[in-house]
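Engineer: Here is how the chains run, residue by residue.
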Amino acid sequence: MARLRLLYRMLRASPLLLTGTIIVSSFAAIALLAPVLAPPTSSDPYLCPYEGPPTTGPIFYHPPPTLPSSEHPFGTLLGYDLYYGCIWGVRIAFYVSILATVLSLAVGLCIGSVAGYLEGIVDEVLMRFTDAFFALPGILFVLLIVTALPLRLELNLGLFNLTLAMSSLDRIILGLAIVGWPQYARVIRGEIKKVKQQDFVEAAKAVGCSRLRTLTKHILPNSINPVLSLMFLNMGGVLIAASTISFLGFGPGEGYAEWGSIIAGARSWLIFMPETSQFVWLFLMPGVFLSAFVLGWSLLGDALMYVIDPAYGRRLNVWG
Amino acid sequence: MGLARFILRRSILMVLTLFVLTLAIYYTTTFFSPTQRAAMFISTTTISPERVNLDELARKLHLTDPFYVQYLDWLRLSLVTGKLGYTLNFRGFVLDVIWQRFPPTIELVMFSAPIAILGGIKLGTYSARRAYQKTGREDLMDSIIRAFTTLTYSMPLFFTGLLSLSIFFLSLHWFAPQRIGSEVENFIFFSGTWNWYTGLYTIDALLNGQLWIFLDALRHLVLPVATLTISMLPVVVKITRSSMLAEYSRPYVTVARAKGLKEVEVISRVRKNAMTSILTVSSILLANLLTGIVVVEYVFSWGGIGSLAVDATTWLDFPLLAGLSVVFCLIFVITNLVVDIAYTYVDPRVKL
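Chains as they are written, first to last, in the working numbering: chain A, 1 to 320; chain B, 1 to 352.
No wet-lab data here; the hints were simulated from the structure. Treat the numbers as computed from the prediction; the structure is a model and nothing was measured. Heads up, some of the hints might be wrong.
Claimed, not checked - Here are the computed distance ranges between Cβ atoms for each label pair: (1) B:L16 with A:K193: 22 to 28 Å; (2) A:L118 with B:R250: 47 to 53 Å; (3) A:N222 with B:L23: 37 to 43 Å; (4) B:A342 with A:E119: 26 to 32 Å; (5) A:P221 with B:S249: 42 to 48 Å; (6) B:I334 with A:R5: 46 to 52 Å; (7) B:R349 with A:L32: 49 to 55 Å; (8) B:S301 with A:C110: 39 to 45 Å; (9) B:H173 with A:E71: 53 to 59 Å; (10) B:I106 with A:E119: 29 to 35 Å; (11) B:S301 with A:D44: 52 to 58 Å.
What the hints assert, rightly or not - Chain A residues, not near chain B, derived (Cβ > 12 Å throughout): (12) S26; (13) V107; (14) L109; (15) V114; (16) G120; (17) R128; (18) D131; (19) L136; (20) Q198; (21) G208; (22) C209; (23) K217; (24) G287; (25) V294.
Positions of the beta carbon are idealized from the N, C-alpha and C atoms, including for glycine.
The task is simple: from the sequences and hints, build the whole structure.
Structural biologist: Below is the structure:
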């Protein structure tokens, strides 16, 4: 309750945080209302409606892009409606940013807490492992993972075979999670090392809690706040990384309601037809959506950081 | 821990990391079928794909070997020649290919990194000073700088790049993508009077005494350099501002003021102490820079190592990918090592 009141006071005090909250909640509203705002026409709602020549036949050309009109508020690109792409792209953006951060948080939490709690040789090995991942050339490795992972991943687990069907978005998410976890592991390890010195941990051990119970019930709840703050701060950056990957041509591809791929399509049009300068429109709207989404999260992340953990927030906050 | 021991320890870790990293990269070859990789070598313009026996080609290129055999081949070749393997796509040793593509990237970094770091520190200092002087009220210039950094921090680099490209190239025709114009290219490759010194067009043009080539190279540099600068500037500005603000409330600032020092001298003291936190974010900056290079070179058709990385991934060129990862990783690790050592000089309380 006190934290809610703090949140309310901060929203009143800082217009920036208020802006962040408004932006993220309006994006959430767009995501929820997507079927109303842009009714899907095909069975796959994330595929933009296509209006062009029939795709069958020996040769087919995409129709040229069109500027915004009453029928297509943001114009069309390669025959696909951009308004539809922007609206449904919000859902994809939430999906990608939340899933990628949560996945890397989960991995980082497991490795970091075990390293921080056990210390000794386990700590040394796990942290050197983490350091190795930290030194990875991030974008190059994600690109490689995205190309390398097959659409269907068959895991032979001895007793049974697990088959995972992965879209290219899922592969991007997985790649970002593999590259993104070390920072969480480092933070949680440091926090656990601090918390485990405290008396209540000794008390829990004295009462006879097992090591697992001490870690999960007593230490983790008292050291998780900084990690959660970091998670909210990273929400926007993860989306930037994901859309960069799909901009470079490793994403879901044309016609798909994902901002990075739409901008990639617009780029190829701009590059190969340099006289079409008025087609700035093609990537302007998706880009504005993307930037606003990231902006909202980074403003909101600051607010949440203070609410979740005021002391850590003051230490970590770089916006002042 | 002594300096030598620290460096030794880091080097051993680095070698281990590189080994695991390259092995992991070669492990991903198991996700592709040999014929799929062999097909990347065929260009449809010269031969029709139906007439090529892909299985045979894959066997000939040793793509059917188990991944550890391929990895050991690569490792042996790179240890013997020291050139990180052989890439079939470029018909050359990987290190030579990377070396060839290095000057364009150096040219980008050479101009953008100093602007971003020095300009960022200046802006951050200015912003902190304005914020500190008017406690209790928002300062207009400070707010503008903060809004600018927040906004540019949220804009993906490819969006900023495309936006500047379409405004300043497509609409206004002020600047242009790629490294040089076609006239300059004709002069350089066909006039016979051009000497290569460094591979950087700006420097070579001055050394050759060709001012118009220098100006043309600058005209092409402006947009990518500006875009790359924007990817690093916000981080520097916000970290400088926040650490300057934190330092301003320290007692020594009051003492300095009480002694009657000028504001400029006070600021220089505060800035020296705030500098440690800028070193702290250097690894973030470097990661930003590496990502930025890839994106900027892709957007502006700039043939450096960033676009080489994208090409290597698209072509499934594993020797090249492994070599590039080694180079990227080395840059990252060595810079961090230097920063860690520099840290102990800037802040003597910190031990290695």
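Engineer: Checking each numbered hint in turn, tell me which of them this model violates, lowest number first.
Structural biologist: 2, 5, 9, 10, 11, 17, 18, 19, 24 and 25
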